[in-house]
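Colleague: Those protein sequences? They're chains A and B, same order as listed. Residues 1 to 436 (this note's numbering) make up the first sequence, in order. Residues 1001 to 1254 (this note's numbering) make up the second sequence, in order.
Just so you know, these hints were derived from the structure itself, not from any lab. The model shown is predicted, which means the values in this text are computed figures rather than measured ones.
Footprint (simulated), chain A over chain B, 3 or more residues, beta carbon under 8 Å: (1) 1047 to 1060; (2) 1069 to 1079; (3) 1100 to 1111.
Ideal Cβ placement from N, Cα and C applies to all residues, glycine included.
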Amino acid sequence: MSTAATSPLVEALDAQAAAMAEATPLLAPARALAREAALAHGVPTTRQERWKYTALRALAARRFEAPAALVDVDLKVVADIPAPRLVIANGRYAPALSDLHALPEGLRVRLLSEVLRDAPTEAAGWLASDTEAADAAFQQWNGALADEGFVLEVEPGVRVASPLHLVVIGVEDGTDRAFHLRHRIVLGAGAALTVAKHHLGAGAHRHLLNTVLQVELGEGATLTQARVQQESDGATLVQRTQATLGANAHYRRLDLELGGALSRHELDVALAGEGAQLDANGVLLADGRRHIDTRLGIEHRARDTRCELTWRGLGAQRGRAVFHGGILIAEGADGSNAALSNKNLLLDDGAEIDTQPVLVIHADDVQAAHGATVGRLDDTALFYLRARGVPLAEAAAMLTAAFLREPLAVLANEALEATLGAMLDARLASAAASRE
Amino acid sequence: MLKIDNLHVRAGSREILKGLSLEVAPGQVHAIMGPNGAGKSTLGHILAGRDGYEVTEGSVTYQGKDLLALEPEERAAEGVFLAFQYPVEIPGVNNTYFLRAALNAQRKYRGEPEIDSMGFLKLVRQKLSVLHIKDELLNRAVNVGFSGGEKKRNEIFQLAVLEPTLAILDETDSGLDIDALKLVAEGVNLMRSPERSFLVVTHYQRLLDYIKPDVVHVLADGRIVESGGPELALELEQHGYSWVKDRIAPGASA
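Isolated chain A, as found in the complex (with noise of 0.2 Å):
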């Protein structure tokens, strides 16, 4: 077996790997699996065309510690999230700050923990994929490790009216702790779920959390999913989805990133069913000291797809945006529709933003739009708001939220617009302040 260069990250998270190895032998081949494609791969560089823009020589120094038993965690922190909701608090699911009195019927949630314990052979399948990729040491990792996750699974027919929310909350306390989490949602045919995904921060903590969300659409299902990141500022987030859509299915899907140190998001979907449909938006916001890095890999792979993406992003202050927005319609996928654009602010010249649209088409009679813009605040609007009196901060806020805003739209479920939306207000309002 080829080993990649070691480094204090990889050694740490390998001896964690030995330790959950032993646990539970009938997950032990698949665990192995997982951590031997993690330990060829390696921390991935920016020699790598997908991490170009991304440097880990910061994060492969580091050491983190295996998540601790259950952390205390204020109820105050989740009050402002509705029930239904899920808590994982520091890798581990919190009952006390989780409320589930309200779950829909028809809506199967269990924990990774319990399938794990109670069927492992269901869930060694889920550990083990991937493991042949260069480029997922990562999602590798998690396959060694990941112990905690939500899985959601929604009966052929069944349409959940009332959103879920999931929380996942780091919290400080002392160590540097990696988390390895891996969700899943199942939706059977013609079944509907909306999910929120809250990931917050409790406490100036600078904890590694590594997700992996694996999604799966049956025919004419509908999923709608938000995922707010709104972690501490010193916390680094990897996470990639992964989502099959049969046939008819749509996936209407919305992240926030608004937190962290870093946050790198990989968004893998493939259209596998005729008429599949994708609505993806999203908004980063970079500043501080952030990167935010997300990368779109949509794949049409069956005929009369179609996707639609609007991300938007702001850089200010030291704050950097990476935004690649992927998209191949393959051979025979003819008829499909695939429509992106990615706007951006820059308001500080130490901020950065770099954006790539790429479009690979291989398919005849597609409709393909995209477009990447980095900008300014509109001087014209800007002297139109002050010359009716509103001052220059306050006019550049209202430009700014409304610029991000556009994005929330993609939800179509009002309610849950106003909510994310006021987030992102309260959000972009202590980013104003902290600018003056």
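Given chain A, work out where chain B should sit, using these hints.
Modeller: For chain B alone, coordinates are given in the frame of chain A:
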């Protein structure tokens, strides 16, 4: 109210205003007419505080204050209002929200209490009914998807809500059909009062059939070349702007 004295303005290397002088008394309506490129829009922009211009000579005094020393938002709060020739579309900013924020920012500057949303709504309804504006425009983003006429009427609506002391209308008639023009003019006439002055900048005499000016000025090549009563506008209409060229004194542009 407003005194412009020997104003020289350049944009980049080009001198646009070349010694413009003008005085407007409270309650008066002054019309500024002139051919394209005379500097009419520049005058509006300079008074409202648009950047990109350099004042090289002269002064603008408004109610005893040095207007050019103030920020655009301060000028607005002091009572200066510019109705834009091309009202700006601002996606994502609600028209009502924007106008309330503007009014309250002005009130705050003047040391007046803020108006709450109920009070504001009442004010808005009252102004709308007078101006015959559909209230659906209120819930749209500022000027987004508005027709040309709706944009201009939205400017007059803002004028009515903000109640400035000096209103500058920059080619408010451009692009309007006769019905829209009448509605806009009617809105302006309703706002006329002994305390409020208007500077109506226009290329055509047509608007002045509906907004009767006290004084008409002809602006050409960066200066006022002729001033007179309403009859001057009619004269311009008859003879066109070609004759004003003769009025540009030799050496004035040097």
